[in-house]
Amino acid sequence: MSTVELDQVRKIYPNGYEAVHGIDLDIAEGELMVLVGPSGCGKTTVLRMIAGLESITGGQLRFGDKVVNDLSPKDRDIAMVFQNYALYPHMTVAGNIGFALRLRNLPKDEIDRKVKEAGKILGLTEWLDRKPAQLSGGQRQRVAMGRAIVRNPSVFLMDEPLSNLDAKLRVQMRAQVSQIQRTVGVATVYVTHDQTEAMTMGDRVAVMRAGRLQQCGPPQHLYDHPDNLFVAAFIGSPAMNLFEATLTEGCRSVRLGSQEVALGDELRVTHPALAAYGGKKVVVGVRPESLPAVHDGSPATADTRLVGDVTLVEALGSELQVHFNIDAKRVYAEEAMDEDEIAAGGGVARVAPHTAAVAGERLTFAVDTAALHFFDADSGAAIWN
Amino acid sequence: MRSPVRKGWHRYINGITVATTLTVLFVTLPILFMLVSSFKGTAGIGSAAIYPKDPSLINYNTAFSQYTFARYILNSVIVSVTSTALVLALATPAGYALGRLPMRGKMPLLVALLMISVFPAIAVIAPMFLLMRQIGWTNSYQALVVPYTAFNLPFSIWIIRNYMMGIPKEMEETARIDGASPIRTLVSIILPPARPGLFTAGIFTFTACWTEFLMSLSFNSDNNFRTIPVGIALFGGQYQIPYGTIFAASCVAAIPIAILVFIFRRSVVSGLTAGAVKG
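Residue numbers (the working numbering), protein chains in the order written: chain A, 473 to 857; chain B, 185 to 463.
For the record, the hints were derived by calculation from the structure and aren't laboratory data. Predicted, not measured: the structure shown is a model, and the values here were computed from it. Even for Gly, the Cβ is constructed at its ideal location relative to N, Cα and C. Some hints here could point you the wrong way.
[Unchecked claim] Which residues of chain B face chain A? A few of them, derived with a C-beta cut under 7 Å, are: (1) Pro-236; (2) Arg-288; (3) Pro-352; (4) Glu-354; (5) Glu-357; (6) Thr-358; (7) Ile-361; (8) Asp-362; (9) Gly-363; (10) Ala-364; (11) Leu-375; (12) Pro-377.
[Claimed, not checked] The calculated BS3-like cross-link candidates involving lysine-lysine, where the alpha carbons are at most 27 Å apart (straight line), are: (13) Lys-580(A) - Lys-592(A); (14) Lys-546(A) - Lys-353(B); (15) Lys-353(B) - Lys-603(A).
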C-alpha cells in the first residue's frame, strides 16, 4: 500500500516533443484516480512513467516517501493491466496469473493457493486450466486483472482496460473493476478516453489535454464546476451547449443571438466576478438537462425562455433529446468533442418524454439560469466568483 | 435462379476441382515418376509406365550396398543439423533485436541482409574455394557448415524478425513489471509464441543445406565427406548411368524433408504469413 505523488513530472522525447508538461497529482491510498482526455493528451505517457516503462525527464515521482524516478519497473511494486491484456498465449490461466509469483520463487503450494484465491475473486475458478485463446473477451480481461491482483502490489495501473470489450460487457466490467479495486484497496491509476467510464469509476478524475492537467476533482465536482471550456465540453454526455453571448450592462441579462435571457439576482450574488464582464462577450454554457421544454404551468417566467428551431428529436424512452438551432454562434472546445457532435451543430436539450417536439418546428425552453456556466471568451477559463 | 444441387460424385466436378487437380498433378508428376521408377527393374527403367512391372527393391539395395550411400546420409545429417542449429541460435536473438529493440540503422541492416540472402552462391564459389584451401578446410564438415550457416542466416533473420514483430510489446512490458530478466523474458515469454517462426526458418535452412550441391561438390572431393546430392550425382561410372539406383536414393533423400514439412506444416504456413497478417 502506498500513495502516489507526481511533482512537476515532465516527459520530453528525444526528438524534442514535450508529451507531458509538468503535472502535479496526488493519489491517496486506496483511491481510484482516473486520467481522462482525448487521444494524444499524454495520459498513457503519464501512466507509463508511473510504471517505469517510460523514463521521466523532469520532476519527481514518489510512492509514499520514496522517490522512484529511477527505479526499474520490477522494483516499483506495481501491477499493470493493458488494453490488449497482453496475456501469455502459451500459458494456462493459472500459469498467467501465477507467472509473477513463480519469478519470485515462491513455494509451489503458496502459488497454487494465491492463484486459486484470485480465481475465486474474479470468478475464473473453472477456467484456470484453459488457455487464453479459449476464453471470451470479458474472461481474458479478468485474467489480466487476476495477474495484477495476485501480486499484492502497492500501486495498480490500468491502461484503457475495457476498451476492447463490447458496449454491454464494458458496463458490467466497469462495476466489477471498481468493486475489485475497492476489495483490494490499492491506490489505482486508471487511464481512459471515455468520459462515462471516468465519471462512473473514479473517486477522482483528472482531465488532461495536450500534456497538461486541466482539472482534477471528484466526478460530480467536475460536472458541476468545470474550470474551463475544455473540461465543460469534455465531461458530460451529451456535451454542454456552449454559445457565444454578450452580457448586458449590470449583468441583468445575457444576449444569445437575437434572444435575451434574464439573469436572476441570486446569480449576481453567487457569481460576483461576472460584474466585470458587463457589456462584454462571454461564452455561456448550459447543460442539456438545464433546458426543459416550457409546458403549461411551467414555473419559468417569460423572460428566461429560449426559442430554438428543432432539427432532430431522439426518443430515449425516459427522455427526449432535442437538437435545436438558435442564431447565437456555437463554441467548440478543441478535441473535447468528437467529430459527429461538432458536425451535428446546434444545441441539445433533454426534455420530458411526450413533449410535443417535432423536427422543423419551434420549441420553447425554460432556461434554468441558476445552472448556467460562464466562461471568459478569450482564455476559456470559467467565471466563478 | 439457383442452380440445382447436384448429388453424388458429380458435385465434385467443377472448374475449381479440375484446375486444382491439374495443378497438383503438374507439380507432383516428376516426384511420382521418381517414386514409381525407383521400384522398376533394369529392364523397365526406360518405360513411362505408371505401375512398375515386377516391382522390386533391388535399386534400394544397390544404393546402400554398391555405393556408400549410408555415409552420404550421415554426412548430410551432420552438416544440415549443425548448420540449422547454428542458424537458429544466431537468427533468434538477431531477429528479436531487429524486430523489437530500439536500434539505430535497423533498416539499412535489414536491406543489407535481404541483398545478401539473394546473392548467387556461384559468384563466390571460386574465391571461397581458394580460401578453404588456404586454411586447410577442404574435405571437412566445417567447410560446409560455416558457409551454409552464413548463407542461410539472413533469410532466417527476416522470417524470425517478422514473427517477433507480431507479438504485442505489452507482453514484454508485463513481464518486465512482473520482474522477469531480459533473458527470462525472451525464453519464457517471447520464444513460445514465436515458435512457428523458428520452425519455418529451421525447415527452410535444413532443406537448403540438405539439397545444396555446388559448395559440397567444390569443397569436399573426398568420398568420406560427400553429401547426398553430390553422392547421388556421382553414382555410376563412365559408360552407364544407374537411373534406378539414383531414383531410389533420391526417394530416400526426400523422406526427411517430407516428414519435417508434414509435422510442422501448420507452423510453416503461419510462420510465412505472420508479418503480413499481424503486421
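Consistency of the hints with the structure:
Hint status for Pro-236(B): violated, given a least beta-carbon distance of 48 Å to chain A, over 7 Å. Hint status for Arg-288(B): violated, given a least beta-carbon distance of 12 Å to chain A, over 7 Å. Annotation: interface hint on Pro-352(B) holds; nearest CB of chain A at approximately 6 Å, less than 7 Å. About 4 Å separates the beta-carbon of Glu-354(B) from the nearest beta-carbon of chain A, less than 7 Å, and the hint is met.
The beta carbon of Glu-357(B) comes within 5 Å of a beta carbon in chain A, closer than 7 Å, and the hint placing it at the interface holds. Hint status for Thr-358(B): holds, given a least beta-carbon distance of 5 Å to chain A, under 7 Å. Evaluation of the Ile-361(B) hint against chain A yields a held restraint, the C-beta minimum of about 4 Å falling below 7 Å. With a cut of 7 Å, the hint placing Asp-362(B) at the interface with chain A holds, because the nearest CB-to-CB distance is about 4 Å.
The beta carbon of Gly-363(B) comes within 4 Å of a beta carbon in chain A, closer than 7 Å, and the hint placing it at the interface holds. The interface hint given for Ala-364(B) holds, since its Cβ lies 6 Å from the closest Cβ of chain A, which is under the 7 Å cut-off. Because the smallest distance between the Cβ of Leu-375(B) and any Cβ of chain A comes to about 9 Å, over 7 Å, the interface hint for this residue is violated. Because the closest C-beta pair between Pro-377(B) and chain A is about 5 Å apart, less than 7 Å, the hint holds.
With a C-alpha separation of about 18 Å, the suggested pairing of Lys-580(A) with Lys-592(A) holds against the 27 Å cut-off. With a C-alpha separation of about 16 Å, the suggested pairing of Lys-546(A) with Lys-353(B) holds against the 27 Å cut-off. For the given pair, Lys-353(B) sits about 20 Å from Lys-603(A) by alpha-carbon distance, which is consistent with the 27 Å threshold.
In summary, the structure is inconsistent with hints 1, 2 and 11 from the numbered list given earlier, while agreeing with the others.
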